[in-house]
Amino acid sequence: MNSNDAMHLFALARRLGSSPRRVLVAAACAVDHPDATAMQTLAALRRAGGTPLPAAEECANLLLTPVGSFARDSVANAFAALWPTPPSPRD
Amino acid sequence: MRGATLIVLAWNQWPLTQRCLESLLGSALDAAEIIVVDNGSSDATPEGLAAYADRVRIVHLPENLGFVRGMNAGIEAARADDDVVLLNNDLVFSQHDWLGRLRDAAYAAADHGIVGCRLLGPAPEHRLFHTGGFIEPESLWGQQTESGQQEPDVAQFTRTRRVQGIAFAVAYLRRDCLDRVGVLDEAYHSYFEDTDYCLRAADAGIATIVAGNVTLGHDQHGSTLDDGGFRERLWKASRETFAARWQQRLIDAYRGTVVWHGVTRDPHPSAQLAHQLLWRLDARGLRMAFTAVTRELFDGHDFRLELAARRSLPPQPEIALICAREPTHPVSGRYRAALTFGEWETLPEKWVTQCNALDAVLVPDAFQAEVFRRSGVIQPIEIVALGIDRDYCHANVPAPRQPEGRFVFLSVAEQFARDAPDRIVQAFRDAFRADEAVELVVHICPGDDELVIRDALDPLLAASDGARVRIMLGWGFPAHERAQLLSTADAYVSARRGGGWDPLVRESLACARIVIAPAWGSQAELIKSWGTPVGTLGYVEDPAQPGCRWAEPDTASLAQCLRDAFENRIALAAQMRARSEAFAATHDLDASADRLVELLATAGALRAKPPPPPPHRLDGPDARVSGQILVLGMHRSGTSSVGGLLNLFGAWAGPDDLLLRGPDNPKGHFEHGELHMACLRRLAAAGGDWRDPPHRDAPAAAIDAFRREVAPVFDSLEPRRPWFAKEPRLCLLARELLPLLTHPLFVHVVRDPVAIARSLNHRDGMPLETALALWERYTRDAFAASAGWPRILVDYDALVGDPLATARHLFDELRERGLQGLTFPDAGAITQWIEPGGPIRIDDTTLLTPSQSTLLAAIRDRSILD
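First to last, the sequence lines map onto chains A and B.
Just so it is clear: in the first sequence, position 39 is 39 by my numbering, and no numbers are missing.
Just so it is clear: in the second sequence, position 375 is 466 by my numbering, and no numbers are missing.
Honestly, I wouldn't trust all of these hints.
As the list claims (entries may be wrong) - Computed list of chain B residues with no C-beta within reach of chain A, every gap over 10 Å:
| hint | residue |
| --- | --- |
| 1 | 109 |
| 2 | 167 |
| 3 | 185 |
| 4 | 331 |
| 5 | 469 |
| 6 | 569 |
| 7 | 572 |
| 8 | 579 |
As the list claims (entries may be wrong) - Example chain A residues on the side facing chain B (calculated, C-beta under 8 Å, incomplete):
| hint | residue |
| --- | --- |
| 9 | 8 |
| 10 | 12 |
| 11 | 15 |
| 12 | 16 |
| 13 | 74 |
| 14 | 78 |
| 15 | 79 |
| 16 | 85 |
To be verified - Not everything, but these chain A residues come out facing chain B in the computed CB check (under 7 Å):
| hint | residue |
| --- | --- |
| 17 | 14 |
| 18 | 19 |
| 19 | 21 |
| 20 | 73 |
| 21 | 75 |
| 22 | 82 |
| 23 | 83 |
Think of the hints as simulated: they come from the structure by calculation, not from any bench.
We put the CB at the ideal spot given by N, CA and C, even for glycine.
Start from the sequences and build out the full structure, keeping to the hints where you can.
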């Protein structure tokens, strides 16, 4: 995975309100459903359903080796998703 | 104020230099001169610098001589007595008082000589590029941070620390360090000259430190970008020079190889210990190699661990150390030990068998020692208390806060059975209503149990619309953000059944969070002393380890603890904040590393540690004194008498109309009135006075204000060297004034402590015990301040007993120290000033505490001066 791929992954995770790692896990799950379209895969990801198989976990972990260490999450991103700042009264 | 010459080296890249100068000139530059060395620039630099000629001194070099010769040209041009600060031209001085803080750190100890700071990289990320570094001897890869990574700035490494080396992008060099070590070595053109300098300084006993309270911006290599490989060629040439000089020495400094058999994948505590302890042991002279006990994907966030994993493994290393989930991995080494802990009241049989096949078992506390012994381990068991990494875990870690102001409980769940997150959710829902401003965040760590935990919690959350619970699933955070995670909450809550060593509760305490946890296992004493204990309901079996039992948390007790913490949140938060520093100081991972090295060195087959060079001192035979004298002595110890003697010798205390006189000393104190008032205000600003001295760590603002008051006093004395300053409160405060002085000399005046105490009792009604404690504080602080500097000891009892001989002795010592401009007065003047008396030493040591007796003995035999 090169740095452009990493940026795409990060951006996708952010758009989905998810984390890079979860996107990778979901992508690994999607391998088991080769007939699914990209949109169906994303929908499945949004639902965050399904239990990743050990192989999927391992696949995600593999991508989180040093080369893919950019896929680590950050506390700031996690809490920005958990605690979105409420709109100010002027908004 | 101690002068400093700031040397900015520029070679082309005028916009960078201009930005650097603008921000530099906008910062506080007391007693500083700026020199810009133009290293033969061919762009707009020469013309651009001309516009700054009224504010900076410019040294033009005919061509680019490289970093080393360019900086040396600046050092040569610097004012003779000044300290020197080497600066790159791609710096941004975003911290106004950076220079004062570096100067403070430089003079915080006599053996400090080289001071660096934290450096942040360029926008937009502003990652932490530099925190003081190390060089790995086998590969000679120099690193600028302990982890070798450029981490986001999470307020890590904000304390002052000793390091192997710093990058000379910012380097404060004390003048006495330059005098001793010399200039940068011109065998280097650029690169490696900084590490070389720090190592040469270390050979001379001079410490390199990083002032963690200074953070500047640095566009690394801004001046040599886009250079067609020029930089790489320089780097390689310098590396060869460095290798020839240092590589074998650095390799030989290792005392033996230790193979760490462990895991690296967080969040298991064993993995955390591998990340945190391994490099600390390496820095303490153990050649650390790493091998994983299970098939795992290596964590690439740790450069030092990666280096250790790449190292060759000798077939029979001096030491094999197991630190894994289970100490059951076969290892070979001349000495084999396990750093381990269990979760239960008795251990699995397999553990016992394996431990008995080792030479020793190292456990973190007495609970674990008892469990291992009771379970049948017969090999030696040693306790190594495991602390927390204070450079990451402290009360000022920046973290997101709940935007609606809710009180946040945080729980971290890794293993379902051990961590009992369902109990926490249940207790939380029992304790709070939906409309209360409180929230529970459960972070489920990525791992084998993450979906099991979620499946167990989902029904609990769906079953009611109780108080708000937020689940964080699927987020995996790097280790350097763990303190941030903990600091997002107001309280950390645990319901662990397992009794194993839990770093999270310790890190939470260091981050000044309220901690609620069962007082059981390795957490028993900790939680009783520092946290809120949750009750337990006896033992239950661990389903994964038949026959092994752990403690079942009492959900009702947990709910009550949560409620109590919420009700008392303001008081508890203040209490934790006040106590966090004390907690961290007594649970320090560096102390754990020291203890581990001590144990391994004692029992293992390590080579003896080479003796360190003697610490750098300023009182050696070639020490210079400048004619600035500080007279230090406790109240009523005779400092006024010695001040009068110095005055008779010709040293100046200041204009007569500014010197104090009082009813208790009608002949005069020889105390400068403005210095006296500055001392009064300094102690008051920190909440104390002479009778009740404040805590030693005063607020930086109070120290700064004090220095600003005293600097003009010293400046006014400067034209008439030799001069002296005398004020009993200086015993407590002299250390803070070192940055204002150039080669000072200290005269310590000592007197029998019981006589001092009786005098204070007579004059101020102070109880003897209090007065003696005060004497000890003043005396210890005074000698600590002058440690390593030229100093002379004068015994007041001897002075009164034989004024002429004692005065002669003092005079001769001052002359021997090289003090110029003094004359010995006639005998009549001395005996008129010091009226001879009989022996007045009381020598009633029964009133002294053991610590006071030790101090007095060190003064009497003068060993306190060593």
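Handout entry: Hint check, failures only
Key = 6, 7, 8, 9, 10, 11, 12, 17
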